[in-house]
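Number of protein chains: 2
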Amino acid sequence: MLNTAGIEVSGFIRQQRLLDGLAALARFGALENGGVNRQALTPIELDARAWLIDWAITLGCEVFTDPCANLFFRRAGREDLPPVVTGSHIDTQPGGGNLDGCYGVIAGMEYLSALNDAGITTRRPIEVAVWMNEEGSRFAPGAMGSSAFVQPSRLTDYLTHRDAQGITLAEALDCCHQRFSMLTQRPALPMAAFVELHIEQGPVLERQDKPLAVVQGIQGLRWYQVTCLGQPAHAGTTPMADRRDAMTLARRCMAQLEQRAAALPAEELRLTFGRWEVEPNAINTIAGRVTFTLDFRHADARVLAQFDDWMQELTSEDVQVACLFAHAPVAFNAQLLAQQYACTQALEIDAATLTSGAFHDAMHLASHCPTTMFFVPSHNGISHNPAEHTDPQYLTLGAKALACCLTELANQPTGVTP
Amino acid sequence: MLNTAGIEVSGFIRQQRLLDGLAALARFGALENGGVNRQALTPIELDARAWLIDWAITLGCEVFTDPCANLFFRRAGREDLPPVVTGSHIDTQPGGGNLDGCYGVIAGMEYLSALNDAGITTRRPIEVAVWMNEEGSRFAPGAMGSSAFVQPSRLTDYLTHRDAQGITLAEALDCCHQRFSMLTQRPALPMAAFVELHIEQGPVLERQDKPLAVVQGIQGLRWYQVTCLGQPAHAGTTPMADRRDAMTLARRCMAQLEQRAAALPAEELRLTFGRWEVEPNAINTIAGRVTFTLDFRHADARVLAQFDDWMQELTSEDVQVACLFAHAPVAFNAQLLAQQYACTQALEIDAATLTSGAFHDAMHLASHCPTTMFFVPSHNGISHNPAEHTDPQYLTLGAKALACCLTELANQPTGVTP
Chain R
1 MLNTAGIEVS GFIRQQRLLD GLAALARFGA LENGGVNRQA LTPIELDARA WLIDWAITLG
61 CEVFTDPCAN LFFRRAGRED LPPVVTGSHI DTQPGGGNLD GCYGVIAGME YLSALNDAGI
121 TTRRPIEVAV WMNEEGSRFA PGAMGSSAFV QPSRLTDYLT HRDAQGITLA EALDCCHQRF
181 SMLTQRPALP MAAFVELHIE QGPVLERQDK PLAVVQGIQG LRWYQVTCLG QPAHAGTTPM
241 ADRRDAMTLA RRCMAQLEQR AAALPAEELR LTFGRWEVEP NAINTIAGRV TFTLDFRHAD
301 ARVLAQFDDW MQELTSEDVQ VACLFAHAPV AFNAQLLAQQ YACTQALEID AATLTSGAFH
361 DAMHLASHCP TTMFFVPSHN GISHNPAEHT DPQYLTLGAK ALACCLTELA NQPTGVTP
Chain L
1 MLNTAGIEVS GFIRQQRLLD GLAALARFGA LENGGVNRQA LTPIELDARA WLIDWAITLG
61 CEVFTDPCAN LFFRRAGRED LPPVVTGSHI DTQPGGGNLD GCYGVIAGME YLSALNDAGI
121 TTRRPIEVAV WMNEEGSRFA PGAMGSSAFV QPSRLTDYLT HRDAQGITLA EALDCCHQRF
181 SMLTQRPALP MAAFVELHIE QGPVLERQDK PLAVVQGIQG LRWYQVTCLG QPAHAGTTPM
241 ADRRDAMTLA RRCMAQLEQR AAALPAEELR LTFGRWEVEP NAINTIAGRV TFTLDFRHAD
301 ARVLAQFDDW MQELTSEDVQ VACLFAHAPV AFNAQLLAQQ YACTQALEID AATLTSGAFH
361 DAMHLASHCP TTMFFVPSHN GISHNPAEHT DPQYLTLGAK ALACCLTELA NQPTGVTP
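Residue numbers (the numbering used here), protein chains in the order written: chain R, 1 to 418; chain L, 1 to 418.
Mixed in with the good hints, there may be bad ones.
Copies of the same chain look alike in the list, so a pair counts if it fits in one copy or across any two.
Straight-line Cα separation of at most 20 Å, SDA-like style, residue types lysine to any residue; simulated pairs [claimed, not checked]: (1) 210 / 258; (2) 210 / 352; (3) 210 / 350; (4) 210 / 392; (5) 210 / 239; (6) 210 / 242; (7) 210 / 368; (8) 210 / 389; (9) 210 / 261; (10) 210 / 232; (11) 210 / 155; (12) 210 / 345.
By construction, these hints were calculated from the structure, which means they are not laboratory data.
Sequences and hints are given; from them, build the entire structure.
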């Protein structure tokens, strides 16, 4: 019968142990308001790593790291094949919650415990990965560890990036490697599959009253920065006809883009004007320079290309447009998706189908091995916030679905077709 | 013959001495880029005061101060009547030029020198006033010294205001009074007239190719702060229909106000959205709170009242509106305006007629005594900037017109009708 071993291991997932693991990790960088501030490679984050490493060793794992300080907890398989990997990240936003990333890591640890309790050794090895600096709130860009894992040459560039205190990534990595000098640094080995379990960080699953989603892929993204130039001048003495008001120009650019985007199917569209800088930013001075950012996401590469055209059309003598970051839409592996649906059906979970609007380490891993994700609901869609919450029963269901899926993948006689 | 004494004194105005005085004052707080940073009551500004006081004493003046650290250089008249007063301020914007305010003070000093050279004693005393903290860039609000002069009870409130370093105005005033403890503090005495000479700080005179303006009054003003509330959320995971984007809301509020204002006569209108604060101001987070300011000016009190109504109509559950500052339009004294035109005619100066869009100490003085202003052109309309510049011949013409007007007012047998 299909998924027998997977269902068996799922039965050993323990809700209380999962919640205890989440609570234990949340103590590293705990804020008074119930949130967590655990920035990548800070002393507190290194303490959390030490705690996780001890736990992994207790569970019988070998522990590896790599040049970008990703961690790998490896549970041996019956054969020395490329491993089936799960995991996520443990760095947080400055005022984050205790689930974003952490849930994927702790659910991976729970899966290792469940395998031990079930007394099962899978055919392929199992690994739980902890990807370095996914949030990008200490060092830009985000998803840095998984990015450098799949394309190691990127690390050379990242090494010179500095945090707000002026510390380079190279210095921060040195500290980490010195503290964990007992660990073997391993190059990026082939993986049979990567399955990431994460909170949705949006309101869709809760609104649909679904406990879990099989994630089809990740929306493509553009980050643009628009700089509108004007002439700073006195708000009282400069007649309206003589003004070059950078804020009025920026307002028009924003309205134009909103209007054009409104013609696109709203379901798949995300458009956000999140960061604004106005100079000189004085109540009685006309703005001489306004810089704002756009975050545009869509699952359709053609729509993203259309948006790139619009941004070029916006460019003028007074409007400078720079693309800060671009990523093509990612479609997850079809064979893995089928396995996920088979597991959710076998576990009688009424799973939704979703495309992720957020980045995840899985975005990069998809270029390295067959990859996919599960989402559990986020209460009120809130994330990056101490109020981040998911019903414990959904956290447990997610871990069960993950356990089932990983076990089946690890026991398959043949690998997944990339 | 009309204005004989005034024209005579004007003939003693010396361009080089005027420019030397401006250059000497600009050394206090000189910036490498040619600008000046001389914040009210800082050690550098106190040095500038000491230099001015010495100069005034050399010119034969008595020197007085008052509780708000305004300075008065008094040249005795033939009779002990309320004085005819000129002057402006010597504090600057953080990156200001060497003319804003300073020109009015140094032209006053040049007038005292010219009177000495001409050997003329006017009927009424002449005073040159240096008003404390006109720019308001160290302590809010601006025009603080003249404001507290005309209504001394305001000082009690101002005393607790703090600069960016947390120093209270009371502490800063104490330093100043201690350094100049030899000066007599004088209450606000009646004045026969106040005539302020200032740069236009706008482009109108240069565009009209006029060397001087007789200023009719000062536009009324409203400073509003608008706070738009939204729900901060992830830019990728939150569908457009589920968003409460504070930036989109703010953009709509701005567009609505711009649209309504566009229906008003543009000549007299000033509308500026100068200061913006976006929270959390992250590229990939929907804005949860956007605060922006409006600076609205008009010479017609009915239009200002109409604008107040619009701001109230903007208010909603998600849009909070607060009036930060309001000032009614000021019309300068008709008898003084007639004297100004008589002087410019006698001196064959082709003077324009203007309403000031900027605040000046004259705005407050108008409630204390008959008040008026002269403007000279600002090259390219630039002010609050190291590039602030006025053609030296216009600076001289302005000082001559001021000298003529002050002399005539000081010699008039009867006072000006308030």
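Taking the hints in turn, this is what the structure says about them:
| no. | hint | result |
| --- | --- | --- |
| 1 | 210 / 258 | neither (31 Å within a copy, 45 Å between copies) |
| 2 | 210 / 352 | within (6 Å within a copy, 74 Å between copies) |
| 3 | 210 / 350 | within (6 Å within a copy, 80 Å between copies) |
| 4 | 210 / 392 | within (14 Å within a copy, 77 Å between copies) |
| 5 | 210 / 239 | between (58 Å within a copy, 17 Å between copies) |
| 6 | 210 / 242 | between (57 Å within a copy, 17 Å between copies) |
| 7 | 210 / 368 | neither (30 Å within a copy, 72 Å between copies) |
| 8 | 210 / 389 | within (15 Å within a copy, 68 Å between copies) |
| 9 | 210 / 261 | neither (29 Å within a copy, 49 Å between copies) |
| 10 | 210 / 232 | neither (53 Å within a copy, 24 Å between copies) |
| 11 | 210 / 155 | neither (39 Å within a copy, 63 Å between copies) |
| 12 | 210 / 345 | within (14 Å within a copy, 85 Å between copies) |
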